[in-house]
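A.B. asks: Sequence:
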Amino acid sequence: MDENGMLSPQEAQNKAALLLKENYSQLNNDEDLIRICSAVNKVVTDDDPEDCDRAKLIYECLIENGPKAISLTEQTIIRTKLFAVALECIQSNPLTFTQIKSFKNNIVPDQRNAKCFTACLYKKIGLMDDMGMLSPASARKQAEIVFKEDEETLKNVDRIMQHCLYVNEQYKDDSKGCDRAKEAFSCLTKSGPKVS
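Residue 70 in the numbering used here sits at position 70 of the sequence shown, with consecutive numbering throughout.
Since the hints were made in silico from the structure, they are not lab data. A virtual CB, placed ideally from N, CA and C, is assigned to each residue, including glycine. Hints are not guaranteed to be accurate.
[Stated by the list, open to error] Lysine-lysine pairs mimicking DSS-like chemistry, simulated, CA-CA at most 27 Å apart:
id, residue 1, residue 2
1, K190, K176
2, K176, K148
3, K148, K190
4, K172, K141
5, K141, K155
6, K190, K155
7, K81, K101
8, K141, K42
9, K81, K148
10, K148, K101
11, K124, K148
12, K124, K155
13, K124, K81
14, K101, K190
15, K104, K190
16, K141, K81
17, K172, K124
18, K124, K190
19, K141, K104
20, K190, K172
21, K81, K155
[Said to hold, decoys possible] Computed beta-carbon distance windows for the label pairs:
id, residue 1, residue 2, range
22, N105, H163, 34 to 42 Å
23, R112, A39, 17 to 25 Å
24, R112, I145, 27 to 35 Å
25, Q75, S175, 17 to 25 Å
26, S92, Q162, 24 to 32 Å
27, P94, E152, 32 to 40 Å
28, A84, I107, 19 to 27 Å
29, T189, E169, 17 to 25 Å
30, K42, T98, 32 to 40 Å
31, K124, K104, 16 to 24 Å
32, Q75, T96, 25 to 33 Å
33, V85, S191, 17 to 25 Å
34, K104, S191, 16 to 24 Å
Generate coordinates for the entire structure from the input sequences, incorporating the hints supplied.
C.D. replies: If you want it as structure tokens, here you go:
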């Protein structure tokens with residue numbers, strides 16, 4: 001905070017750069033986090049000379065957004081890849097508008113086409129192999145492309161995939177992996193934040 005009790009984005013970035021000289025991926029994350037949290041400067045607080053209210057707002061913002069802050073570049077890479085793959089998968093597994101809304105709410109509909117769409121997506125982005133089995137090694141390899149040297153995020157990918165690996169034992173007769181993909185989706189979206 002500066003002498004006026006405001007978050008100073010430039011000063012925070014300078015200090016982050018000093019602390020994280022060699023960790024460029026983390027530095028980019030911190031810059032995004034500082035940009036997000038500098039919005040607290042627009043909040044009107046009491047006339048507290050020490051500006052403790054603003055310090056509390058900054059603290060809450062850092063706690064809320066810190067663990068999930070990935071750089072805008074990483075977000076763009078992930079979204080672009082998912083969108084392109086989804087367009088491919090929707091060709092062979094058409095979805096209704098209602099099903100698409102369900103996906104946006106982190107729910108795979110029970111219909112076969114929606115489950116197989118999920119399997120197609122997971123196979124193409126490297127979460128599943130061609131037999132419809134979760135593949136931690138392939139997921140790690142794909143994550144390394146996006147997160148490069150961010151070892152903490154890569155370890156979280158490993159932990160989440162290991163946690164959800166039980167789905168490979170389910171649905172033994174599911175050669176396309178459609179039912180398995182629905183179960184994997186549920187595990188990854190519900191358990192992922194708890195494991196990381």
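A.B. asks: Against the structure, test the hints numbered earlier, and report the numbers of the ones violated in rising order.
C.D. replies: When the structure is compared with the hints, numbers 2, 8, 10, 22, 23 and 25 turn out to be violated.
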